[in-house]
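Protein chains: 2
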Amino acid sequence: MKPIKVGLLGIGTVGAGTFTVLKRNAEEISRRAGRRIEITMVADLDVARALALTDGECEVVNDASLIINHPEIDIVIELIGGAGIARTLVLQAIANGKHVVTANKALLALHGNEIFKAAQEKGVIVAFEAAVAGGIPIIKVLRESLTANRIEWVAGIINGTTNFILSEMRDKGIDFTTALSGAMQLGYAEADPTVDIEGIDAGHKATLMASIAFGIPVQFGKAHVEGITKLQSVDIGYAEQLGYRIKLLAIAKRTPLGIELRVHPTLIPTRRLIANVEGAMNAVLVQADAVGATMYYGKGAGAEPTASAVIADLIDISRLFTAQPDHRVPHLAFQPDAMTDTPILPMAEITTSYYLRMHVADQLGVLATVTRILADSDISIDAMLQKEPAGGASETDIIILTHLTQEKCVDAAIARIEALATVIGKVTRIRLEELE
Amino acid sequence: MKPIKVGLLGIGTVGAGTFTVLKRNAEEISRRAGRRIEITMVADLDVARALALTDGECEVVNDASLIINHPEIDIVIELIGGAGIARTLVLQAIANGKHVVTANKALLALHGNEIFKAAQEKGVIVAFEAAVAGGIPIIKVLRESLTANRIEWVAGIINGTTNFILSEMRDKGIDFTTALSGAMQLGYAEADPTVDIEGIDAGHKATLMASIAFGIPVQFGKAHVEGITKLQSVDIGYAEQLGYRIKLLAIAKRTPLGIELRVHPTLIPTRRLIANVEGAMNAVLVQADAVGATMYYGKGAGAEPTASAVIADLIDISRLFTAQPDHRVPHLAFQPDAMTDTPILPMAEITTSYYLRMHVADQLGVLATVTRILADSDISIDAMLQKEPAGGASETDIIILTHLTQEKCVDAAIARIEALATVIGKVTRIRLEELE
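Residue numbers (the working numbering), protein chains in the order written: chain A, 1 to 436; chain B, 1 to 436.
Please note: incorrect hints may appear among the correct ones.
What the hints assert, rightly or not - With a cut-off of at most 16 Å between alpha-carbon atoms, the simulated EDC-like pairs for lysine to aspartate or glutamate come out as follows:
no., chain 1, residue 1, chain 2, residue 2
1, A, Lys-387, A, Asp-362
2, B, Lys-426, B, Asp-382
3, B, Lys-23, A, Asp-397
4, B, Lys-2, B, Glu-72
5, B, Lys-387, B, Asp-411
6, A, Lys-2, B, Asp-326
7, A, Lys-230, A, Asp-175
8, A, Lys-117, A, Asp-289
9, A, Lys-408, A, Asp-362
10, A, Lys-222, A, Asp-341
11, B, Lys-2, A, Asp-171
12, A, Lys-23, B, Asp-397
As the list claims (entries may be wrong) - If you want the footprint, here are the derived chain A segments under chain B, 3+ residues with CB under 8 Å:
no., stretch
13, 15–28
14, 107–115
15, 125–137
16, 288–300
17, 303–311
Said to hold, decoys possible - Here are the simulated distance ranges between beta carbons:
no., chain 1, residue 1, chain 2, residue 2, range
18, B, Ala-95, A, Thr-270, 52 to 60 Å
19, B, Glu-434, A, Glu-121, 48 to 56 Å
20, A, Gly-173, B, Ala-393, 42 to 50 Å
21, B, Gln-386, A, Gln-363, 19 to 27 Å
22, B, Leu-257, A, Lys-23, 20 to 28 Å
23, A, Pro-346, B, Leu-45, 52 to 60 Å
24, A, Thr-13, B, Glu-121, 55 to 63 Å
Just so you know, the hints here were simulated from the structure itself, not pulled from any lab data. All residues carry an ideal CB built from backbone N, CA and C; glycine is no exception.
Sequences and hints are given; from them, build the entire structure.
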């Protein structure tokens, strides 16, 4: 069969990895795909670097439109990133009848509906396995392997930077700022780590998973996104004593009221496999009605793990060339005319369990008052930890784990607790998921 | 689009689960697949039971050939099991131009080459996601998601019965026979558990995984298959003290000498995620050159988890109706003309680490003699555990963990050690994998 000709937009880390793996494993790949897949053009503003990386084996240009408009290019790989120029180029490639492979979660989380609609109308494929959890094939699993199931929820550790930082904080007992510096020195965090540590990157990925799990449009604007910057070591320690580990969890859950779509630090029972996913590794746990719980684990970032996903998409597309577009796997797993508008719930309406830590005066009756407030708010207590005041101190910590409750009840109870004279400062509230 | 009409051969546990899930999730499934998928005929010898299970919603016959020869049936699901009549029926269905979905690992491990060749010639698909690790989509992952990679090895806990028994032995400190009875009472082991506890079932599955990971023919006859019936509690305890857990591991590994294909009890470091897969759960760890390590976890058996895989295959086939056969994913992941005849190594040629336990007279110099024998055989020692003799006893246990070595060197060393007058009885040898 005729080789597939691919144009690459942006040869940074992942682009270079894709080029390397396609070349190194060319034989293994064509043994599987039945044809060669070749990057014949690369566009990058840094032409000199691109020439060095590709070693004269393909044409290098500094103008992406030369690739997008090239009649011999079958598939365009977009690895520029961001939601600006990348959007224009992807839409233009689609308009020109090119299939697109992208690792760009921000682009799809913000403009996915527009992009997939354009692709659908033009009969081309926009593949994005590399956009969520790097080398873990979670997009294919959700779209193609769990198709018999009604998916109930997806919970993932899908940002390696924050998982690395949380592992370091726990292992070494260090605070967030120290762990972040370490992660930056080791290359696990970028110079501007905002999108990672504020949970935005995980939010983009969770938005895409929610869409393909439940058949709803891409709606990043309605996701609750909370990072790990305010997380304190003391809470990691208390959680550990109570049998929990704190992870930045991305959750997409179907409930009778609507869809929960949220990213935040979360206590998870230590005995769960996913609680033991450490360092920069990623994992996604999926609960579905027929298959039950399944979990997918691997590297969520890096040149070659991400390249693995990009190339799998190239091969998938090369196989679907001759399939009628309406027989292909739909971009968002569900047929475009079968999407639903199930609402995404505001945080006040979500239901979960909570870890509450309050610093209190060591006086008789404080605990009784706090528990009465919780009972009044219909919040039942699952476990409690009261520390002895350290060496004659007159203040101490109370930690309470609640059973399932609606967030607005907890908000109200916290306001009342914080108003007590015997409670010092703010109540720390971290959500807790049993993941059963 | 026109509904897909499916005929089901054998409505036992998995067949009933498939019928139930297809019906319960009919709407969710057609939202994804773009058409309905209906079981319109069921063949089972127990017609009364089949009628009761299907509640008058499809035609029930007691003769499978009525389905196989029916002009309106698009896909045949084979859930009869075994390699006898199932083989005849599957080949006949293929000859009639039907696509086939099967969960029958024994059939494919023994007759896969013949069946896939027939399907290839006829231009039909034989899908078998349900044959390996139940609801875990490991076949699709190996065939479609890791296509960019040179797969180095696959190591799986792919038999729930034995993993349940091993978990019970460790948790409760009970012996194999007691744990087996418990598993039978709880329905985790069949009345005749031979194929599970002797490792045959895991061997069938490992054979299929090796084939699609490396592009080699299906060769169950060359697999080394060893069960857990001889495993003693004492070794589970010693392994634990040394930081390892014992699992029945199915291993398919590419080495410069050839392919290792083996199922046997294996020590795995407790800190590895896969070592913590307990009870009847399954997990498969894959090491590949670009993506690194990825792991897939879930239920490996049961009505609905297996049905989840069967139905995913039905939907995949329904999408590929219009694709040219040579654009489909090849049955064994690699194009039929790109398979290799890489040899499967005899056990004497494999390389791994070893746990050796010997019962010795508590005399000066025994350890020195044993370690000299190991050194003479080029076996280097990684760790050692010597128990104090229990209360005045004159005999004790020595446990040695070796570094990587070839099995034939260990065979030779064990023969020499067992010949020593100070060594009582046989040396217990369990293989050990670091899984790094």
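Outcome of the hint check:
1. A:Lys-387 x A:Asp-362: Judged against 16 Å, a Cα distance of about 10 Å means the pair holds.
2. B:Lys-426 x B:Asp-382: Distance of about 21 Å is beyond 16 Å: violated.
3. B:Lys-23 x A:Asp-397: Cα-Cα ~53 Å, so violated.
4. B:Lys-2 x B:Glu-72: 12 Å, holds
5. B:Lys-387 x B:Asp-411: Violated: Lys-387 of chain B and Asp-411 of chain B sit about 24 Å apart, past 16 Å.
6. A:Lys-2 x B:Asp-326: 13 Å, holds
7. A:Lys-230 x A:Asp-175: 10 Å, holds
8. A:Lys-117 x A:Asp-289: 30 Å, violated
9. A:Lys-408 x A:Asp-362: It is violated: about 28 Å lies between the C-alpha atoms, which goes past 16 Å.
10. A:Lys-222 x A:Asp-341: 13 Å, holds
11. B:Lys-2 x A:Asp-171: The given pair, whose Cα atoms are some 57 Å apart, is violated under the 16 Å limit.
12. A:Lys-23 x B:Asp-397: Outside the cut-off at roughly 53 Å; violated.
13. 15–28: holds (count 6)
14. 107–115: Answer violated; 0 residues pass the 8 Å Cβ test.
15. 125–137: holds (count 4)
16. 288–300: Answer holds; 12 residues pass the 8 Å Cβ test.
17. 303–311: holds (count 7)
18. B:Ala-95 x A:Thr-270: 52 to 60 Å: 55 Å, holds
19. B:Glu-434 x A:Glu-121: 48 to 56 Å: 52 Å, holds
20. A:Gly-173 x B:Ala-393: 42 to 50 Å: Since the Cβ atoms of Gly-173 of chain A and Ala-393 of chain B sit about 44 Å apart, the hinted range of 42 to 50 Å holds.
21. B:Gln-386 x A:Gln-363: 19 to 27 Å: Since Gln-386 of chain B and Gln-363 of chain A have Cβ atoms about 57 Å apart, the given range 19 to 27 Å is violated.
22. B:Leu-257 x A:Lys-23: 20 to 28 Å: 27 Å, holds
23. A:Pro-346 x B:Leu-45: 52 to 60 Å: 56 Å, holds
24. A:Thr-13 x B:Glu-121: 55 to 63 Å: 45 Å, violated
Consistency with the previously given hints fails for numbers 2, 3, 5, 8, 9, 11, 12, 14, 21, 24, ordered from lowest to highest.
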